[in-house]
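Make a model of the complete structure from these sequences and hints.
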Amino acid sequence: MPTRDNFGGPDNPNMPEMPQFTATSTLVQPRPEEGAKDRTMVLNMGPQHPSTHGVLRIVLEIDGETVVKLVPDIGYLHTGIEKTCEAKFYQQVVPMTDRVDYLSPLSNNLCYCLAVEKLLQLEIPDRAQWIRVLLNELTRLNSHLVWLGTHAMDIGALTVFLYTFREREEILRIFEHVSGQRMMTSYFRVGGLALEPPLDFFDSVQALVKILPEKIDEYENLLTGNPIFINRLKGVGYLSPEDAISLGVTGPPLRASGVDWDLRRDMPYSSYDKFRFNVPVSTDGDVWARYVLRLQEMRESVKICQQALDGMPEGDIKANAPHVVLPDREKMKTQMEALIYHFKIVTEGFQVPAGEVYQTIESARGEMGYYVVSDGTAKPWRVHMRYPSFATLQALEKMCVGRLIADVVAVIGSIDIILGEVDR
Amino acid sequence: MGEALLSKDAVFESLAQNVAIQALRAAHPDDVTNAKFDRGELSLVIAANAIRAVCRTLQRAGYNFLEDVTCVDWYPAEPRFQVTYHILSHKLKERVRLEVMVESIDPSVDSITPVWPSANYYEREVWDLFGVRFHGHPGLRRIMMPDDWEGHPLRKDYPVEGYR
Numbered sequence: 001m002p003t004r005d006n007f008g009g010p011d012n013p014n015m016p017e018m019p020q021f022t023a024t025s026t027l028v029q030p031r032p033e034e035g036a037k038d039r040t041m042v043l044n045m046g047p048q049h050p051s052t053h054g055v056l057r058i059v060l061e062i063d064g065e066t067v068v069k070l071v072p073d074i075g076y077l078h079t080g081i082e083k084t085c086e087a088k089f090y091q092q093v094v095p096m097t098d099r100v101d102y103l104s105p106l107s108n109n110l111c112y113c114l115a116v117e118k119l120l121q122l123e124i125p126d127r128a129q130w131i132r133v134l135l136n137e138l139t140r141l142n143s144h145l146v147w148l149g150t151h152a153m154d155i156g157a158l159t160v161f162l163y164t165f166r167e168r169e170e171i172l173r174i175f176e177h178v179s180g181q182r183m184m185t186s187y188f189r190v191g192g193l194a195l196e197p198p199l200d201f202f203d204s205v206q207a208l209v210k211i212l213p214e215k216i217d218e219y220e221n222l223l224t225g226n227p228i229f230i231n232r233l234k235g236v237g238y239l240s241p242e243d244a245i246s247l248g249v250t251g252p253p254l255r256a257s258g259v260d261w262d263l264r265r266d267m268p269y270s271s272y273d274k275f276r277f278n279v280p281v282s283t284d285g286d287v288w289a290r291y292v293l294r295l296q297e298m299r300e301s302v303k304i305c306q307q308a309l310d311g312m313p314e315g316d317i318k319a320n321a322p323h324v325v326l327p328d329r330e331k332m333k334t335q336m337e338a339l340i341y342h343f344k345i346v347t348e349g350f351q352v353p354a355g356e357v358y359q360t361i362e363s364a365r366g367e368m369g370y371y372v373v374s375d376g377t378a379k380p381w382r383v384h385m386r387y388p389s390f391a392t393l394q395a396l397e398k399m400c401v402g403r404l405i406a407d408v409v410a411v412i413g414s415i416d417i418i419l420g421e422v423d424r
Numbered sequence: 001m002g003e004a005l006l007s008k009d010a011v012f013e014s015l016a017q018n019v020a021i022q023a024l025r026a027a028h029p030d031d032v033t034n035a036k037f038d039r040g041e042l043s044l045v046i047a048a049n050a051i052r053a054v055c056r057t058l059q060r061a062g063y064n065f066l067e068d069v070t071c072v073d074w075y076p077a078e079p080r081f082q083v084t085y086h087i088l089s090h091k092l093k094e095r096v097r098l099e100v101m102v103e104s105i106d107p108s109v110d111s112i113t114p115v116w117p118s119a120n121y122y123e124r125e126v127w128d129l130f131g132v133r134f135h136g137h138p139g140l141r142r143i144m145m146p147d148d149w150e151g152h153p154l155r156k157d158y159p160v161e162g163y164r
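From first to last, the protein sequence lines stand for chains A and B. Here the working numbering is used: the first residue of the first sequence is 1, the next is one more, and so on. Here the working numbering is used: the first residue of the second sequence is 1, the next is one more, and so on.
I should point out that these hints are in silico values taken from the structure, not numbers from a laboratory. Possibly wrong hints are sitting among the right ones.
Claimed, not checked - No farther apart than 27 Å at their CA atoms in a straight line, the calculated lysine-lysine pairs in the DSSO-like style are these: (1) B:Lys93 <-> A:Lys303; (2) A:Lys69 <-> A:Lys234; (3) B:Lys156 <-> A:Lys88.
Unchecked claim - Just a sample of chain A residues kept apart from chain B, beta carbon distances all over 12 Å, derived: (4) Ala87; (5) Pro95; (6) Glu170; (7) Arg182; (8) Asp217; (9) Gln306; (10) Met312; (11) Ala321; (12) Asp328; (13) Arg329; (14) Arg386.
In this text, all values refer to a predicted model and were calculated from it rather than measured experimentally. All C-beta atoms in this analysis are idealised placements derived from N, C-alpha and C, irrespective of residue type, glycine included.
Structure follows, in structure tokens:
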């Protein structure tokens with residue numbers, strides 16, 4: 001038995017041989033430059049690292065503390081969701097989509113449902129569309145609150161995290177109230193919503209929307225004038241608009257680089273064209289611009305929520321398509337036809353006419369797209385998910401090269417990366 | 001959304017004002033082998049050897065943003081792989097879908113990374129999960145699966161639960 005005295009000693013025969021770790025990698029080889037031998041070294045960051053927001057691994061080549069090269073290594077969270085979707089009925093895919101971008105489950109639900117509805121050419125009632133908009137803006141607020149808390153924590157401002165998660169908890173409570181789940185909501189269905197929202201749902205949203213603007217002021221009080229925060233963010237991670245477009249960047253980082261593009265306004269879906277809101281744009285292109293822009297976006301989201309509450313139409317929450325939408329529980333128990341439809345949809349799924357569609361929405365991080373190909377059966381032939389973080393990750397090297405390692409942390413925070421959607 | 005247009009001639013006739021169609025008609029009249037306008041979305045089937053030139057033409061015509069590159073496996077039909085590109089114009093607020101059909105024997109197509117560097121990751125993903133090669137790609141490595149993985153999981157002849 002190894003005792004405290006001999007454990008780990010070099011002569012201990014019980015000690016397993018330790019693997020040799022070296023600071024090299026297959027992704028990046030150190031390259032001595034200009035005669036100076038071993039001028040650069042290779043540093044591994046992640047996949048277990050608190051400021052990579054999940055399981056992102058980055059291999060850095062550094063010269064002193066300056067980043068010379070940066071290679072992201074992803075796939076640690078790859079679960080093959082796209083493959084799994086091909087083995088499920090169309091309605092069974094909805095809960096799969098929750099798990100992709102786990103901070104904005106309702107945006108995933110919406111994008112997938114819109115794609116299938118486009119394939120089926122369904123008309124969705126106004127009330128369902130407006131509730132979808134309302135919940136999507138709450139999702140955006142939820143996601144931005146998590147981003148703000150964790151981003152500030154990466155920079156070293158620990159307090160903000162506690163404040164943002166206080167309000168996020170309220171939003172999650174609303175999600176739980178309406179769908180029964182805090183995070184994996186699966187509340188939208190192909191053809192509408194799962195259920196009519198509970199009676200006091202709109203009151204609780206109204207109470208939240210009322211306090212949110214002053215809460216956002218509170219976060220700004222903690223951060224916007226803070227000299228340490230400003231110094232860590234201003235001028236860091238610059239991305240030009242040309243690079244942003246050629247590297248596939250979307251969402252807040254694209255708008256912070258001066259490209260005025262928001263799918264909610266420019267290619268409206270789910271009756272976003274009936275809402276009035278501003279799309280904040282900045283030309284600075286740095287981490288600070290992305291911070292300011294996301295805070296402005298949160299204020300705009302609050303406005304959209306208020307408009308949705310004020311103008312919420314009455315009516316159905318499901319499309320009139322009995323072969324696709326499950327009948328009401330009450331009808332199912334009393335009407336033979338409804339029972340038959342229910343049985344058929346649950347056991348055989350519903351058939352979707354052959355074709356292909358690409359549906360995009362503006363998620364909290366940028367352009368989320370679902371490319372759904374149908375071969376006319378009840379299971380999708382192919383579901384491809386285009387997620388913003390995956391594309392934005394390609395711009396990481398551009399933003400970090402020539403800066404310090406500490407800036408890499410700030411830049412990762414500013415692109416608001418979610419590894420669930422990078423790896424899928 | 002109107003009626004679906006399912007042939008090249010019908011699409012070219014009805015959508016003669018479309019910027020993408022005008023540009024491609026002028027520069028690559030024979031490289032568009034088929035076209036479809038269905039559910040409000042324009043799809044153009046492009047000859048495999050012309051995809052890079054077509055992308056460059058579209059980029060000059062104002063379709064400035066590559067949204068996505070992906071693939072569909074039509075196993076057991078031939079040609080088996082359909083490589084799909086979604087290209088967006090910020091100015092026109094329009095999207096066009098390009099499709100390239102690829103045979104199952106040594107599936108490969110020209111990389112469009114010289115036109116849009118953002119195709120880098122998308123094409124690596126297609127290579128990793130479908131096994132379609134891209135000529136001229138700067139570093140065609142696996143991206144989702146481990147480097148020593150065998151097979152391409154999103155192919156239809158690859159079991160959903162994997163090989164056990």
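In ascending order, which of the hints set out earlier in this document are inconsistent with the structure? Per hint list: 4, 14 violated.
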